[in-house]
Structures are given as C-alpha cells and as structure tokens.
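**Student:** Below, each chain spelled out in residue letters.
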Amino acid sequence: MRDKDAELRAEIKAHLDMAIADRIARGESPEAAAAAARRELGNLSQIQEATRDAWGRRWLEQVAQDARYALRTFRRNPGFAIVAILSLALGIGANTALFEVVNAVRLRALPIAEPESLVDIHLIDRNGARGSFETWLPSVTQPIWREIQARRDGFAGLFAWGRQRFSLSEGGEARTADGLWVSGEFFATLGLTPAAGRLLSTDDDRPGCAARAVLGHGLWRRAYGADPSAVGRTISLDSKPVEIVGVAPAGFHGLEVGRMFDVILPLCAEPAFSSDGKGRVDAGTTWWLSVFGRLQPGWTIDRASAHLAAVSPAVFRASLPATYPAVSVERYLSFKLAAHPGGAGLSQLREAYGSPLWLLLAIAGVVLVIACANLANLLLARASAREREIAVRLSLGASRGRVVRQMLTESLLLVAIGTSLAVVLAGTMGQALVAALETADNTITLPLVMDGRVLAFAVGLAITTCLLFGLAPALRGTRMAATAVMRASTRGSTATRDTLSLRRALVVVQIALSVALLFGSLLFARTLRNAASVDPGFSADGLFTATLNFTSVGIPPESRASYRDRAIDHIRAVPGVQSAALTAIVPISGDSAGNDVWPEGDPGRRFNMLNNSVGQGYFSTMGIPLLSGRDFDQRDVPASVPVAIVDDLFAAKLGGAGAVVGRRFTREATPGGPEKTFEIVGVVRNSSYVSLKDDPYPVVYYAASQGRASRFARIMVRSSLPSSAATTAVTAGLANLDRRIEVTYTIMPTMIRDTLVQDRLLAALSGGFGGLAALLTMVGLYGLVAYSVTRRTCEIGIRMALGATPRDIARLLLGETGVLLAIGAVGGVGLALAGGRAASALLFRVTPYDPLTLAAAVGLLAAIALLASYGPARRATRIQPTAALRTD
Amino acid sequence: MAKRARYENRIELLQGTLDLLVLQTLQWGPQHGYGIAQAIQAGTSDVLQVDTGSLYPALHRLEKQRWIAATWKLSTNKQRTRVYRLTAAGRRQLASERSRWQMLVDAMGSILAKPREGDA
Numbered sequence: 036m037r038d039k040d041a042e043l044r045a046e047i048k049a050h051l052d053m054a055i056a057d058r059i060a061r062g063e064s065p066e067a068a069a070a071a072a073r074r075e076l077g078n079l080s081q082i083q084e085a086t087r088d089a090w091g092r093r094w095l096e097q098v099a100q101d102a103r104y105a106l107r108t109f110r111r112n113p114g115f116a117i118v119a120i121l122s123l124a125l126g127i128g129a130n131t132a133l134f135e136v137v138n139a140v141r142l143r144a145l146p147i148a149e150p151e152s153l154v155d156i157h158l159i160d161r162n163g164a165r166g167s168f169e170t171w172l173p174s175v176t177q178p179i180w181r182e183i184q185a186r187r188d189g190f191a192g193l194f195a196w197g198r199q200r201f202s203l204s205e206g207g208e209a210r211t212a213d214g215l216w217v218s219g220e221f222f223a224t225l226g227l228t229p230a231a232g233r234l235l236s237t238d239d240d241r242p243g244c245a246a247r248a249v250l251g252h253g254l255w256r257r258a259y260g261a262d263p264s265a266v267g268r269t270i271s272l273d274s275k276p277v278e279i280v281g282v283a284p285a286g287f288h289g290l291e292v293g294r295m296f297d298v299i300l301p302l303c304a305e306p307a308f309s310s311d312g313k314g315r316v317d318a319g320t321t322w323w324l325s326v327f328g329r330l331q332p333g334w335t336i337d338r339a340s341a342h343l344a345a346v347s348p349a350v351f352r353a354s355l356p357a358t359y360p361a362v363s364v365e366r367y368l369s370f371k372l373a374a375h376p377g378g379a380g381l382s383q384l385r386e387a388y389g390s391p392l393w394l395l396l397a398i399a400g401v402v403l404v405i406a407c408a409n410l411a412n413l414l415l416a417r418a419s420a421r422e423r424e425i426a427v428r429l430s431l432g433a434s435r436g437r438v439v440r441q442m443l444t445e446s447l448l449l450v451a452i453g454t455s456l457a458v459v460l461a462g463t464m465g466q467a468l469v470a471a472l473e474t475a476d477n478t479i480t481l482p483l484v485m486d487g488r489v490l491a492f493a494v495g496l497a498i499t500t501c502l503l504f505g506l507a508p509a510l511r512g513t514r515m516a517a518t519a520v521m522r523a524s525t526r527g528s529t530a531t532r533d534t535l536s537l538r539r540a541l542v543v544v545q546i547a548l549s550v551a552l553l554f555g556s557l558l559f560a561r562t563l564r565n566a567a568s569v570d571p572g573f574s575a576d577g578l579f580t581a582t583l584n585f586t587s588v589g590i591p592p593e594s595r596a597s598y599r600d601r602a603i604d605h606i607r608a609v610p611g612v613q614s615a616a617l618t619a620i621v622p623i624s625g626d627s628a629g630n631d632v633w634p635e636g637d638p639g640r641r642f643n644m645l646n647n648s649v650g651q652g653y654f655s656t657m658g659i660p661l662l663s664g665r666d667f668d669q670r671d672v673p674a675s676v677p678v679a680i681v682d683d684l685f686a687a688k689l690g691g692a693g694a695v696v697g698r699r700f701t702r703e704a705t706p707g708g709p710e711k712t713f714e715i716v717g718v719v720r721n722s723s724y725v726s727l728k729d730d731p732y733p734v735v736y737y738a739a740s741q742g743r744a745s746r747f748a749r750i751m752v753r754s755s756l757p758s759s760a761a762t763t764a765v766t767a768g769l770a771n772l773d774r775r776i777e778v779t780y781t782i783m784p785t786m787i788r789d790t791l792v793q794d795r796l797l798a799a800l801s802g803g804f805g806g807l808a809a810l811l812t813m814v815g816l817y818g819l820v821a822y823s824v825t826r827r828t829c830e831i832g833i834r835m836a837l838g839a840t841p842r843d844i845a846r847l848l849l850g851e852t853g854v855l856l857a858i859g860a861v862g863g864v865g866l867a868l869a870g871g872r873a874a875s876a877l878l879f880r881v882t883p884y885d886p887l888t889l890a891a892a893v894g895l896l897a898a899i900a901l902l903a904s905y906g907p908a909r910r911a912t913r914i915q916p917t918a919a920l921r922t923d
Numbered sequence: 020m021a022k023r024a025r026y027e028n029r030i031e032l033l034q035g036t037l038d039l040l041v042l043q044t045l046q047w048g049p050q051h052g053y054g055i056a057q058a059i060q061a062g063t064s065d066v067l068q069v070d071t072g073s074l075y076p077a078l079h080r081l082e083k084q085r086w087i088a089a090t091w092k093l094s095t096n097k098q099r100t101r102v103y104r105l106t107a108a109g110r111r112q113l114a115s116e117r118s119r120w121q122m123l124v125d126a127m128g129s130i131l132a133k134p135r136e137g138d139a
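Order-wise, the sequence lines are chains Y and H.
Going by our numbering, the first sequence opens with residue 36, and the numbers climb by one from there.
Going by our numbering, the second sequence opens with residue 20, and the numbers climb by one from there.
Rather than coming from a laboratory, the hints here were simulated on the basis of the structure.
If a hint is listed, it holds; no wrong ones were tucked in.
Incomplete in silico selection of chain H near chain Y, CB under 7 Å:
1) G52
2) T71
3) H79
4) T100
5) R101
In this text, a Cβ means the ideal position worked out from N, Cα and C, and glycines have one as well.
Please put together the full structure from these sequences, using the hints given.
**Tutor:** Pasting the structure below:
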C-alpha cells in the first residue's frame, strides 16, 4: 500500500514537472511557471485521496488508519485506556470464567464417541422406594438392572456402573482410590480406546469372574509415571491383589462430571470385595447402579422412553425383592423407567450448583453492564471534550459515518485488548472458582476448556459490550451542527446539554443495578450468617470421626464387637483424647436412615423419624445433654430388651417429654427385618441430623451394642489437641492394637464448614460483585458531579456573587445527586425484589423481600453516592466568584 | 471565486464523459496523464479543461477495470512517467461507449434542433 502511495506521488510529481517545463518553454519565468502549475493542479492530498478511493481498498485502509489513530489517542491519555481495558478485562473475564464453569458442568458433552446418542436410564419418580441409597445420582438396584438388560430393544449398547472407594494402603491412615464397577459393555458402548493394554469387555464380566483393573489415566501417571509396563502388574485394592489389564484414555474421567475415577473393575467381581462375600449383586434394596444405553440408529429418546415405560411393569414385577416391606410393594410395582439425554454425563455438581452458577453469571453480567455504563460515561465526557475537534473534522468534509466509525474503532480496540486479557484471566478465575467448590472429601476434577462455545460467548460479550458503551457516545458526539459548536462558548451548547441528560440516565441505571446487586449480596451474606450460626445441638470444636477398617486383621464375625470395643478403648487411652464413642451415622454428613414408628399398639399414630445407632458415651462426647433417663451401658446387650434413647421432639410426638422414659414404640418392618418394639430409656435434646439447614426432625438412637458389628467402625472422638496432632496420636494408638487397622478421619468443624461451601461461595462472589458494582457506580457518579461542577463554574460564581452561601451551593449539587439517587433507588428496589424472588431457593432464614435488607442496600448506596458527590461539591463551594466569572 | 472566473468560457465535463475521452485519446497511442490532459485540452481547442483531481482517479479506475494498462517509462527529458495504453477490453469498451454517446447526442439533438411553433 505504501509503495502504491509513493508511485502515485511520483506520478503526480511527474505531471507537475511536465506542466512547469511546458510553461517555461512557453516563456514564463521558472517561479511564475511553478506557481501557476501548482495552482492548476489543485489540492494535492485531495487528488491522492480521490485516487485512492478508486483503488477500492479504502475500507481496510481506513480501519488501519483508525486503529493507528486510536492507539495514538490512548498513548496521549493512558489513564483512560488503562481504566477501560482493566475494567473490561475483569468484567468480561469474570463472565467468561463463570460461563466456562457452567459449560463444563452443564453443557459440555463427555469426551466419548457420539455423545448425542447416549442416554441415561432411570426411574421417573423414585419417591417411596425402600432400601439403602448409596449415591446422590439417579440409580437402580442390581436386579432391576438385570431385568432392563433382558429387555434391551432399541439399544445398541447398554451398561451399568456404580462407585466404590478402595483402600490402597495396608493399615495406618488410609490412602484411597475411587473405583467404578462397570458391566461388560461399558467401554464398547462409550467407544473408548485404551491408552495402554486393553479395556474391559463382556468377556471380563461373567459371574464369579476374577477382578481385573483398568487404571484411570491420572492414577497411571501419578503412581506409575505413565509407564506402559504397569499393564500386567498387580494393584492392591482393599488388600486384594488385582491384575492391571490396561489404562483408560486421557481426558476420560467417567460419566460423572466433576468426579474422576482411579480404577475400573468388572461388576461381576463386586461380591468378592464385600464384607459378606455376596455383595450388592442380589440385593434388591441397594440402589447404587446408574444405567446408560446407546440408542440404535433410528431410535429417538422418546421412542426409547416409550419402550422402557412399556416394559417397566415386567421389570419391576420380576425384580421385586422377597423381603420388600409389604406396604411399599404396590408403589414399587408402579415405578416407571425413562430415557434421558446422557451425552453430558451425570453430575452432582450440576444438581447442587446449577442454579447458583447461572445466578452468579447473571450477577457478573449486571456488573459488566455497570462497567459499560461507566465507560460510556467516560467516552461521552471525552466526546464533549473533543467536540471542537470533531466539529472541525466534520466541517472539513469528513462524513458523519466516517467519524462514528473512527470513534467505534477506539471502543472496539479497547474491547479487543480487554477481551484478550479476559480470556487469559478467565482460565485462572475459573480454576479458582472450581477450587472454591472443593471440600475436604470431595475433590473436583473439572477440566475447564476454552472450547468454541466459551470463545463464542466471550466474543459475543465483547461485541455487545462495545456496542453498549461505544455506540451512544459516538452517535451523540457527532450529532451536532458543526457551526454551532465552533461558535459556542464553554458554557455549553445544545449537544452538551443533550449529552448530560444521557450521562444522568446512565448513572441512574448504574444506581438501580447497584441497589439490586447490593441487596442480593446482603441477602446471601445474611444467608451465610444464618446458616453458619445454626446451633447444631452439639459442640463441633475438637470433634472428629475416625472410621476404622479392620478387614485385613481378619476378625471372625462373632468377635468383631469385642474387637471393636477394644479398639475404642485404645483410642480413649490416647493422651489428649477426652472421650470416644461409636456411631453409625455422622451428623451433618448427609447420611441418613429413617422409618415410620408408632406408640406400641397404636399404629394409627404413625409418624416418621430419623435414626442412628450409637455406643455408650456418645452423647457426652458430642455434648448433647441428656434430659432424662440414662445413657446406654453394659446392660444393653443383644439378648436384652431392645432399648432406645429419643430426642425431645420425638418425645413430644409420642406424648409428653418427661413421661416417655419407660414407654415403648414400634418401628415398621424394613427390607432388613420385621416390625420391632423398643423401650425408651432416655431423652436427649434435639440436634441437627442430615444438614444444618434442615428443620428439626425427631431422632431415635438405638444401642449399637444390641446390633451387629461389621468390619468397619465409625468412632466419634473429642480431643483437646489440634486436629492433626490428635489424628496422628490416634493412628499411633491404634497401631499398638494392630498395624493392619486402617483409619480415615473426618474433622467435624471442617466438615461443617464444607457443608456451607455453596453459601460461602454465593456470599463471597455476590459480595465481591456487589462491592465492585458500588465502586463503579461511585466512580460514575463522581465523574458526573465533577463534570457538572466544571460546567457550571460560571453559574456557581454568579450565585455566590449574588449572595449564595457555600451551604446553598452544596445543597444545590447534592440535591442533583439526590434526584438521581431517588430515581435509581426506585428502579433498583423493583429489580431487587424481582431478583430476590428468583434467588429465593438459595436463601436460608431470610425472606427474598426482607425490608430491612432492602433499606440497608438503599442506605449503603445513598452513603456511597454522597461520598462520591462530596468532593466535587466541596470544590464547588470554594469557587471564587471573581475567578469564576473571569473564565470566559 | 477567482478560480471560477478563469473557467467561465469552458464547459465542465459531464459525469462519465471523462472516461470516454481518456479511452478515445489513448486510441492514438500510449500516453502519460499530463499528455492525456494536454491532448484533450488541445483537441477541444481549450474548451474542455481536464481537472487533475478527476483525471487521476479516472485513470486508476479505468486501470482497475483493465480497460487501460500502465507501465513506468522514461520521458523524452529523462523523467520517469507512468504511461497508459489501451487494452483490447478497453478498445471494446470504447466502441460501446462511443455508440452510446452517439445515441445520446442524437437524442439531445433531435429535441434541441426542433424549431418551436411560433418561433419561426
């Protein structure tokens, strides 16, 4: 392009020279000839411009020219450029990061062949099912799986999988591996190829099979340094040697998004790893398998669902367990199966964080809008400052479109730089966000990928942003009569006044959005405080659980109870341990068991309760006060009368707190046993059971000493030592009994904190975004008031000369802020109430229209607004009338 | 204003006619921009004045249409000049432009030459 320009210059130069030469030849003096020829030629740059137009490359060239010009402008005014780029990078970055996580959790397909034809098969409504539920995910029992497998019309592939955590260590503090039990068609249906060795096939999944392991790619890298010779070696799982036959491909983390696996074993080997040797294979009441299928070509999800609905009666009739409680059989037989899209896998994260993530994305979007309003404000201010420059350019013949395009190029360039930074930032922010969701016992493996969808989101956001803050100033800035501006004084032309009202409108929008965001963040802060200050009914400080696994010790079933009690005694003997007691369920952990009960002989007064099974000293260890009666003790043995301790809520349901000791109640039949009657020996105070946020629910404690002992024991320990020192001491104490005992610890305060991870995340992020919104609004308002003071210097000077006091001036300016604030607050309250309603499911013990919180949000913003206006207003009161009047 | 006075006995070129004039001029042989302007001026006894601001855009436009082609050559007084020549496509374009121009002239003439009734 440069060459062509030079050629054009040379060509016109030659023209001029020849014209001069001709004139000299005709007898003119060289000076006169040169002047005349030049005059005849006309405006040189205009000729060049017109000729370049003929080349037709005008557009591209102009863009480059505009970009160069914009960069020059930024260099001259770096403060503006830096503020703009940083706020865009943060705004777009936060939005992109959140979207990246949303994409990973909710939208992205699994890294498998043809994810769109993979379906997830589960019960439409499992309410009323009985038994034990081992996973948060939709699941079926093993007999149901077998019956589905026998009616596989429409499925090219069909498989089931379930989770199990294996122990890798042999005694001491446990190291665990996350395992999957999979049926034979798992890998073939997913269409995966091994990274090394081979994957499991239907040949590996035969009844009575030997266990074989496929390693996850992560474990293979971590534990074997990605050495292909790992294939053929053995890995010790729950102290059993298992042959490694292959390695799963990199990037495949299983079908549960956010959780990975370390080993995959064939489903048929599951019984060999269970404590009774039978496993869950025939247990019709253990719900633990997820079923997936690959649709045959030509089959749709609807057709598959119709097929599953048609075979459901047969499936459930054939799989009905013999021991199933009679009252629930009818419900069981009415269950219906259906197919659901399975290409994105299953996810507990999706269930738990789906709506919070969308909400946070919306909040981040609003913050970006506020940031855009600020930038638009800055650009408008700049456009006013550049009024004369633009007027000159317009009057020199630049078209309005051309000037608008040039101003938009500036915005676009800012957005482009901001977005590139944002994309880099988004990766880090997304990782931080995922890390914030992790808890002590739930590591999240969530590969965040900048895929087409995320990139499209970022670019779409950037373009919208650019139009949002760039277009209005560009159109406003050029919509004026050039002559009017050229003639106008700094007292302001019509265009300026127009611009001012637009800037006011922008600030009003900012105030409204900020009020809504502040309201939201206050609601979430109160939710977190409410949840964190719930009294669980026990004292968590110094409390931890030790889960013992003495499988490797090889204790025969009849001596397990006494061995377990010896282990507890060893723990109690550890220095620093104050008390220790057995429990079946750890409160707040999310585990639960429950049944219907009624006063003995009065089944009409049925009610539901939650139950636990605990050992002697449990209540004193937990710090749960005994209200009446006694604790369990050595009198309570399997042969004696079944006893129970109930909480005050249960006692009230049964009738009268004090009077229930000695009374009896009956528990309904369960899949595990018939109706059973218990005698109440004590009453304790109610405490949290499933989660801190649940409403109080009646709880019954059975005597662990009257139940069966397994190879596992969960022991609640209270210690005065810091938790790490205490657990180390307990591990050492248990080693005195037997080195082969394996132990896993859960620290109660940590676990309780972890249950609040969603509340904390929402409170922190919405608080951060709310603060950012308020800050941006403050900057916007400050800019507006400061501008207003500058513009009205003369007016203020006149007012003061006429006797206005500084107080009057301050009132005048603050009044202006007050009007904006009032309009913005009214809009903000409306938005806040609408937003609060949308978020109500995420709130805890605070109403989504809480007037106090709303008043606090408005008050906070009013304070911020006054703070923003104070500086400029103060400056206005110090204006010297004489100086002000002289400015023009 | 003074400029306008200088040209008052000359005719401003009709839109599009410059292209035709350039093609016609180049029919007699390759020529540089200045030469084309001089030739048009001389050929019309100075009635038509070619504005340099129109000439060069026109030349470059015609070149882009591939009706004329340009090369750098040394002029008689050893100056590098850009010399344009007519291409085959340009020759065809000239023929068609010329016949269209003729139609226009005839049409204009038949209206303008008709004596109005009562004038005679």
